[in-house]
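If you read the protein sequences in the order shown, they are chains A and B.
Position one of the first sequence corresponds to residue 9 (this note's numbering), numbered consecutively onward.
Position one of the second sequence corresponds to residue 168 (this note's numbering), numbered consecutively onward.
In case anyone wonders, no lab produced these hints; they're calculated from the structure.
These figures come from a predicted structure and were not determined experimentally.
Every residue gets a Cβ at the ideal spot worked out from N, C-alpha and C, and that includes glycine.
Errors might be hidden in some of the hints.
Claimed, not checked - A few chain A residues facing chain B, derived, Cβ under 10 Å:
hint: 1; residue: Asp143
hint: 2; residue: Gly292
hint: 3; residue: Leu308
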Amino acid sequence: MSTASSGFKLSEWLFTTDHKRIGVLYLIGSVAAFAVAGIMALLIRLEQMSPGPTIVSDAYVGGDQYNVWLYFHGAAMILGFLIPGLTGFAANYLLPLMIGAKDVAFPRINALSVWLFWAGIVVALLTFVVPDKPDVMWTGYPPYSIKTGGNLALYVFTVHLIGFSSILASVNFLVTITYMRAPGIGWFQLNMFTWSCFTAFIIQLVFVPVLAAAVTLLLLDRYLGTHFYDPANGGDVLLYQNLFWFYSHPAVYVIFLPAMGIFYEIYATMAKNPIFNYKAAVYGMCGIVLISGEVWVHHLYYSGMPDWLRIGQMVTTLLISVPVGLMTISLFGTLYRGAITFNTPMYYGTAALYLLIIGGLTGIPLAITVLSVHLGETSFTHAHFHFIMGIFATFSVFAAVDFWFPKIAGRMLNEKQARLGFWFNFIGVNVTFWPLFIIGVQGMPRRYWDYSQFPPHFADYHKVATIGAFIVAIGMVLTISNWIISAIKGQRATDNPWGSRSLEWTHTATPPGPGNFPKDVVVEAGWTPYDYK
Amino acid sequence: MRKKSMKRVVSVMAMLGVGLPILWAHAGAQGAVPDPAASWNHLWHEVLVDLFVIGGVFLAAGLFWVYKYRATRPGQIGTAPKLTALAAIGFAVIPAFLFMADDFYLAAKGWTVWNEYRNVPRNALEVKVTGMMWNWTFEYDNGVVTTFDPDSKTGDGLVVPVGRAVVLRMTSTDVVHSFFLPEYRVKEDLMPGRVTYLWFQPKAAGETLATCAEFCGNRHSFMWTKVKAVPAAEFDTWMAGMKRQGA
Numbered sequence: 009m010s011t012a013s014s015g016f017k018l019s020e021w022l023f024t025t026d027h028k029r030i031g032v033l034y035l036i037g038s039v040a041a042f043a044v045a046g047i048m049a050l051l052i053r054l055e056q057m058s059p060g061p062t063i064v065s066d067a068y069v070g071g072d073q074y075n076v077w078l079y080f081h082g083a084a085m086i087l088g089f090l091i092p093g094l095t096g097f098a099a100n101y102l103l104p105l106m107i108g109a110k111d112v113a114f115p116r117i118n119a120l121s122v123w124l125f126w127a128g129i130v131v132a133l134l135t136f137v138v139p140d141k142p143d144v145m146w147t148g149y150p151p152y153s154i155k156t157g158g159n160l161a162l163y164v165f166t167v168h169l170i171g172f173s174s175i176l177a178s179v180n181f182l183v184t185i186t187y188m189r190a191p192g193i194g195w196f197q198l199n200m201f202t203w204s205c206f207t208a209f210i211i212q213l214v215f216v217p218v219l220a221a222a223v224t225l226l227l228l229d230r231y232l233g234t235h236f237y238d239p240a241n242g243g244d245v246l247l248y249q250n251l252f253w254f255y256s257h258p259a260v261y262v263i264f265l266p267a268m269g270i271f272y273e274i275y276a277t278m279a280k281n282p283i284f285n286y287k288a289a290v291y292g293m294c295g296i297v298l299i300s301g302e303v304w305v306h307h308l309y310y311s312g313m314p315d316w317l318r319i320g321q322m323v324t325t326l327l328i329s330v331p332v333g334l335m336t337i338s339l340f341g342t343l344y345r346g347a348i349t350f351n352t353p354m355y356y357g358t359a360a361l362y363l364l365i366i367g368g369l370t371g372i373p374l375a376i377t378v379l380s381v382h383l384g385e386t387s388f389t390h391a392h393f394h395f396i397m398g399i400f401a402t403f404s405v406f407a408a409v410d411f412w413f414p415k416i417a418g419r420m421l422n423e424k425q426a427r428l429g430f431w432f433n434f435i436g437v438n439v440t441f442w443p444l445f446i447i448g449v450q451g452m453p454r455r456y457w458d459y460s461q462f463p464p465h466f467a468d469y470h471k472v473a474t475i476g477a478f479i480v481a482i483g484m485v486l487t488i489s490n491w492i493i494s495a496i497k498g499q500r501a502t503d504n505p506w507g508s509r510s511l512e513w514t515h516t517a518t519p520p521g522p523g524n525f526p527k528d529v530v531v532e533a534g535w536t537p538y539d540y541k
Numbered sequence: 168m169r170k171k172s173m174k175r176v177v178s179v180m181a182m183l184g185v186g187l188p189i190l191w192a193h194a195g196a197q198g199a200v201p202d203p204a205a206s207w208n209h210l211w212h213e214v215l216v217d218l219f220v221i222g223g224v225f226l227a228a229g230l231f232w233v234y235k236y237r238a239t240r241p242g243q244i245g246t247a248p249k250l251t252a253l254a255a256i257g258f259a260v261i262p263a264f265l266f267m268a269d270d271f272y273l274a275a276k277g278w279t280v281w282n283e284y285r286n287v288p289r290n291a292l293e294v295k296v297t298g299m300m301w302n303w304t305f306e307y308d309n310g311v312v313t314t315f316d317p318d319s320k321t322g323d324g325l326v327v328p329v330g331r332a333v334v335l336r337m338t339s340t341d342v343v344h345s346f347f348l349p350e351y352r353v354k355e356d357l358m359p360g361r362v363t364y365l366w367f368q369p370k371a372a373g374e375t376l377a378t379c380a381e382f383c384g385n386r387h388s389f390m391w392t393k394v395k396a397v398p399a400a401e402f403d404t405w406m407a408g409m410k411r412q413g414a
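From just these sequences and the hints, can you work out the full model?
Here's what the structure looks like:
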């Protein structure tokens with residue numbers, strides 16, 4: 009039963025208020041940001057291949073060129089790809105379908121969200137056009153960000169646009185999940201992905217305004233001569249770092265939670281099992297919401313904070329392992345006595361097991377104040393957050409696109425190419441980041457383009473990491489080109505190719521038409537999206 | 168009655184979870200001469216063992232299940248047993264207590280070493296460090312100032328005597344920097360408007376380096392200095408020479 013519209017009209021896409029099309033617009037924007045930020049990553053890796061200038065012009069302007077790549081890579085990957093890829097694309101496309109709703113609560117506000125996001129991407133891309141390119145890192149710490157000749161306004165406006173987009177989306181989806189569930193769907197019958205987004209949106213709603221305020225003060229300090237962060241006039245340098253990380257650590261969970269949610273869906277469907285200990289995992293997610301706001305000082309362990317705060321937040325940071333542990337047990341347990349069919353999404357799912365363990369556990373030494381005093385700001389930290397936030401979350405977006413591709417495009421992916429892409433991606437990330445773990449422990453600092461002062465063997469490790477990055481690049485090209493080609497020429501998909509029990513597969517056409525469901529959804533008592541018996 | 172015994176069970180578990188790790192961590196923590204870098208290495212190895220055990224168990228279970236529970240025929244469904252209420256609570260509470268116990272154990276261990284890091288020995292040599300884009304200067308208590316130029320590799324940098332603790336009182340004149348001594352396993356940020364400190368214990372003569380670990384712009388990668396630990400007598404001679412030069 010196909011309900012595809014007749015032909016392609018650009019205006020239909022630009023002015024759409026349909027959550028599915030808005031979801032696809034988010035996907036296109038975030039993949040574009042990902043591609044440009046990925047090219048920046050390759051430039052960074054090429055430069056680090058040898059100490060001294062490798063691809064930068066010379067030792068004097070090298071830092072300026074390199075810092076722009078770092079800035080764009082970090083800002084675009086987090087603000088332009090991971091957050092919008094998960095809470096923009098995946099949440100938009102899937103949440104209304106999973107709860108049996110015709111659309112979100114406020115479709116026009118939803119359209120405004122995606123426009124703001126696109127505007128944010130455009131402003132971020134201006135980096136490459138203006139002569140005073142921003143070089144403030146994605147963190148924008150003052151006083152550097154106020155003193156530098158690089159453009160600070162572009163950074164602040166990117167954060168504002170994407171921040172407002174996030175706040176509007178949070179309100180929209182919290183209302184949608186609370187009030188628009190189909191009759192019969194109770195809170196403990198929701199999909200795990202729905203729960204993960206619900207908790208992520210609570211975090212976003214509470215913390216994004218803090219970031220918006222922090223960067224606004226930065227703007228005022230730089231361009232209007234205020235002194236919020238200027239100690240010479242009664243301001244405080246650390247105020248910014250506190251405000252910034254008060255948002256930005258919870259932001260990690262805005263990425264982590266939906267990423268876990270996606271893997272729960274894939275595990276349950278591909279293993280044909282219910283979620284193991286569903287309620288414990290849901291309480292785990294709620295636990296993360298509660299703890300997420302009390303851990304930011306672990307980013308300031310060696311910033312001169314009072315000792316009692318450094319120790320207090322070491323304990324809260326370590327305790328994050330409790331809710332995350334419950335969620336992990338629940339994820340692994342879903343495989344127990346399952347009947348697992350392997351397709352590309354499940355390949356990513358299996359890789360996620362490993363990424364979650366390595367990325368999660370390498371966070372533990374960084375949570376211990378005194379260990380972090382050596383490991384922080386080294387490439388150990390860099391490899392840690394790339395494993396958990398970079399790769400784990402990026403793999404979740406890839407797995408989500410591959411898993412729901414038949415639903416979204418109405419066509420099947422080229423499975424062979426998708427698998428080949430997976431192997432390049434998986435091998436590549438390991439080749440890239442393991443060497444960085446090792447030299448990180450030996451003292452290799454982050455954000456260095458030259459490291460001649462360190463032992464010569466660091467260069468060998470950097471070379472291996474650079475080779476890894478190019479292996480990943482091949483995987484990314486294979487993966488993303490597959491989406492584009494298969495969306496046009498793939499084999500037609502059936503309504504429920506994976507045999508899922510979740511509403512977006514059982515009750516809609518492929519792809520779903522306007523209004524989502526041919527008739528209003530009502531589920532019978534005891535229905536769950538994981539009922540395979 | 169039932170409620171009371173439940174309460175007792177919970178309180179015993181809480182005591183085991185919180186109390187034991189702290190006791191365990193404190194046993195034998197007192198040493199004679201504190202050496203933070205050695206304590207750091209020791210703790211790091213212990214944490215690595217901890218992580219290998221936890222990671223190994225999870226990874227083995229996960230990969231084994233991925234392998235063992237492959238579907239053997241199309242249309243097959245999983246046969247996971249339905250959890251009873253008690254089992255569901257058990258699978259949440261027991262791991263939660265285990266994780267918490269490990270967290271408190273690691274926190275207590277970390278706190279012990281942390282105290283070493285923050286309590287400066289009494290006879291420590293005090294040096295004022297000023298960070299600026301993109302250089303460090305070191306001022307000793309007798310007014311001698313040294314510096315180091317990473318391009319020409321000239322200048323003494325930070326010179327310290329072996330066997331005496333060194334405490335650095337640090338501030339910055341412009342942006343945030345971080346004084347990172349990889350060999351001594353320590354770093355602390357410097358910023359305008361505040362004075363921060365760190366201390367370390369040079370155990371043997373030799374040259375190591377300190378480098379900036381907080382992003383500070385164009386020459387961030389080049390903001391490093393030599394750190395030279397020399398025998399006490401040699402240090403005194405050097406200091407006398409510096410003083411004469413200054414006078």
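Against the structure, the hints come out as follows:
no.: 1; hint: Asp143; in the structure: holds, 7 Å
no.: 2; hint: Gly292; in the structure: holds, 8 Å
no.: 3; hint: Leu308; in the structure: holds, 8 Å
When held up to the earlier numbered hints, the structure conflicts with none and fits them all.
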